Every structure is written in structure tokens, then in C-alpha cells.
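Enquirer: Please build the complete structure, drawing on both the sequences and the hints.
Taken in sequence, the protein lines are chains A and B.
According to my numbering, the residues represented by the first sequence are 1 to 138, in order.
According to my numbering, the residues represented by the second sequence are 1001 to 1301, in order.
Hints listed in this document are in silico derivations from the structure and should not be mistaken for laboratory results.
This one's a predicted model, so the numbers in the text were calculated from it and none came from an experiment.
Where is the CB? At the ideal position from N, CA and C, for every residue including glycine.
Where hints are given, some of them may not hold.
As the list claims (entries may be wrong) - Cut-off 20 Å, straight-line C-alpha distance, at most; resulting in silico cross-link-like pairs (SDA-like, lysine to any residue):
no., chain 1, residue 1, chain 2, residue 2
1, B, Lys1102, A, Phe6
2, B, Lys1102, A, Ile59
3, B, Lys1069, B, Ser1055
4, B, Lys1013, A, Tyr125
As the list claims (entries may be wrong) - Looking from chain A toward chain B, a few residues come up when the C-beta cut is under 7 Å (computed):
no., residue
5, Pro5
6, Trp9
7, Asn30
8, Thr39
9, Tyr49
10, Ala54
11, Val55
12, Pro56
13, Val58
14, Glu76
15, Gln77
16, Pro127
Now for the letters of each chain:
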Amino acid sequence: MDVIPFPVWPVYCYVDGDGENAIIRWLDENGVSSQMRGTLQSFIEIVQYNDPSAVPGVIVRISKDLEAFRGVRKGEQPVFLIFCRSVYTDCEITLLNASRAPRESLADARSNLETIRRDRRRRRYEPITRRLAGNLQG
Amino acid sequence: MSRLREDLREIFKDEDTRYAYAEGHLNASIAAQIKSLRGEMSQEDLAAKIGTKQSGVSRLENGNYSSWKVETLRKLARAFGVRLRINFEEFGTLIPEIEDFKKNLAPRKFEDDPAFNTDLRVSTFADRNVALVLGQVPDLEAVGRSVAAYSDSFKAAVDSVVQSWGAVASAFAEQQRVLQQALGPLCTLCDYSAVSAAIKAYTTREPIAYNQLIESHGSSIEQTRSGMSTGVVERERVAELIPGPEEAECKAQNPSATGAVLPPFRAPVIPIDVNVRKTEPKLRKTRRCAARERSRRERYA
Chain A
1 MDVIPFPVWP
11 VYCYVDGDGE
21 NAIIRWLDEN
31 GVSSQMRGTL
41 QSFIEIVQYN
51 DPSAVPGVIV
61 RISKDLEAFR
71 GVRKGEQPVF
81 LIFCRSVYTD
91 CEITLLNASR
101 APRESLADAR
111 SNLETIRRDR
121 RRRRYEPITR
131 RLAGNLQG
Chain B
1001 MSRLREDLRE
1011 IFKDEDTRYA
1021 YAEGHLNASI
1031 AAQIKSLRGE
1041 MSQEDLAAKI
1051 GTKQSGVSRL
1061 ENGNYSSWKV
1071 ETLRKLARAF
1081 GVRLRINFEE
1091 FGTLIPEIED
1101 FKKNLAPRKF
1111 EDDPAFNTDL
1121 RVSTFADRNV
1131 ALVLGQVPDL
1141 EAVGRSVAAY
1151 SDSFKAAVDS
1161 VVQSWGAVAS
1171 AFAEQQRVLQ
1181 QALGPLCTLC
1191 DYSAVSAAIK
1201 AYTTREPIAY
1211 NQLIESHGSS
1221 IEQTRSGMST
1231 GVVERERVAE
1241 LIPGPEEAEC
1251 KAQNPSATGA
1261 VLPPFRAPVI
1271 PIDVNVRKTE
1281 PKLRKTRRCA
1291 ARERSRRERY
1301 A
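Expert: Shown next as C-alpha cells:
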């Protein structure tokens, strides 16, 4: 019998008022490379199918309630994907926003978290390697 | 098709992303393996073993670190008692690697590798069952005791297996019923002779169902198997099982029941005979042993 595995820790992305994935939008607008996106997505995938402790040194705590995936590549500025665990269920992660310096965007992250708590449709399961339509640079 | 396969099909359309993803996975895998294999050892101790500083080990244990050298990895392999393997792979192999990421982090040391340790050979649960069925285990009673000692952990594994089977396989309801019937005695009984008999009955009657179980839920079963794997562990557990001074008489009358002289299992060399069950040797019990069994059964019930 073949058992089809599903993510045990699904990672969702915050969706902004225009219905766009806010994480992808930030990555596009800040010219984050395909390589950095691929690296971060590989970490996300391992966490999704295992648990947040699976990849050492990649998840950093930035405040009492928020953490971030840290992506580092040679010759590139680091990228932080700020997230919150367990918004609706115990084992899930929601990416709230992205930044170069996580503490500077804590307020935005918390605001996005409140929005998601009010409306669970404001998040989406989607790889961050995709690009928004009409934005193929970066 | 699995969700992961669908996602990766989309992600891997871009070549740069594809290679960066694979590199990210490799770096994360190396960091996680080093941390897992280090276990209780401190970073300072490991650093001393491979001739570097603690900060160097700390860097190696970071999933973002990508500047490790093969020479350093060789030294680490030696320090951990495992071998280093470097392969070129197809991208498709990433799928099982991601899904089973944490299960594959800590290979056994050379000393614990059953391939080179005769005490550990022929020690998996399935082999043990076959050995029991074939009557090749000299002291069935001692084996029964050791199996009973593990019944708790086995119960948890079996429960989860049966539960997940139930969730996904309504079409396999009949198999599930047979499985539960066969495994039931193992879950609830601590009577070692009954456990032995249950194992025998199970292996002789339902080998196909057992194999399917192993195939679809290999990890949890494997965990149970490895828990039951070594004669050394058995002896310890059996010794734990019979701790009290009131058992001295029981031990004296049946020294092998302590597990202290439990011999290593031998590989089965002839096919399973389904009629062997009928020739099961009768187990010798003292009144005190029987009373102890009864109280244990009540406790577990």
C-alpha cells in the first residue's frame, strides 16, 4: 500500500489586500535572486515535511512571538522570512513578511498577523520561488 | 502524485532555482547530520577530534553554511565512526530525502552495524519470529519474557499502525481485522508464553499481511524492531522485568528465565513449517511464577 505524504508543518504566505502573495511581492521588489529563493524554499520544504527543528541554524527567533527563516548566500544580502507558528492549528507556519533586517519590520509582521487572525483567507499555500505576473527580473 | 512532487515540478522549471534548491538541501542535510551524529558530545570535544575550533563546528552545524571541505567531512566521518559517501544524484531523489529527512540523520557506528557484528545479526523482529516458529531458539521461555518486556513499546507502535491503516484503508478493512486479531494478544498480554504463541500464530498465518505492514509502515515497525534487536538489550530488559528478591526462587528454578544466558539468535535455514506450532514445547511454571504472571496481567489490563 502506497502512503502519500502531506506536509506535516504546512507553510503559508500572507496575502495582501490586492490578493497577491506579499512574500513573493517583497522578493520581486527587492530583486532577490532565484538562487536565494531556491535556497529558502529548500529549507521551507524540509520543515514542511519534518518539523521546524529539522534544519539547524536556519530559524532564528526575532521576538517572543515571531521567528524567521534566515537565507544567506555568498555575495548576497541575507533575507529573513518572518513567520509565526500555529495561527490556526498547532503544526503550521505562516510567513508574515520578508526583510533584510528582521527587527525593523516587526510592526508590519504583527499587523499582518492580526489581519490573518481576523480573516484566514488572507494567507495561501504557495512556493516562494514563483514570480508575480509581469515581474520576471531579479 | 504527492504534494511535494507537484510543488517541485513547478519550482524546478527554473534551472538556477533548481540547483540552488539542491545546494540548499545539501547544506541543510550536512548541518543536520553533523548535529545529530554529534549527539551528546560537545562542540568543543568534536572540534578537538577533527583538529578545529568550536566555532568551526558551530559553523558546520548551520544549514546556511556552504563552505565545508571534503577533507573536513572525512575527518568528521571518522570521528563519528561512519563512512562518507559523495554521489551525483538525479533531482528526483530529493523527494524521498525531503520526506524522510529526519529519519536518515544518524547512521549506526561501525561497532553497532549488524553487518559486522555477529551478536546483532539475525536480530530483527521478523527474523526472531521465524526463529521462534522454527524452534531454533533454544530457550523459548526466555525469549517470550523478553518480548513481553517490550510489549508496551510494541503496543504503541501497533496502535499507531492500526490507527493509520484504519484512516486510509477502508478497502483493507478485512486485512485490518485480521491484523488486529493477530496483534491483539501482543498488545494486551504480558504472559510471555502467550506472547510467544501469539507471535507464532501471527507469523505462520499472516506473513503476507505482516509484510504489507512492514512495507507501508516500515519506520515505526523498524523502531520497534531496533528496540528489540540486541541480545544485550534483551538481557537488560529481562533482568529489569524480574527485579524483586521474591523472584529469587523463580530464578533459581529456571535460571534461563532471567535472560542472563539468552544465546544470540541464529539465522533460519529452512522454510517455515506452519505445523510447527503444534509442537510447541510446554513451558514450565512454578506456582509463584504463575501468580506473578496473573498479577502482571491484571496490572496491564
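Enquirer: To test your reading of the hints: which numbers does this structure violate?
Expert: 6, 7, 14 and 15
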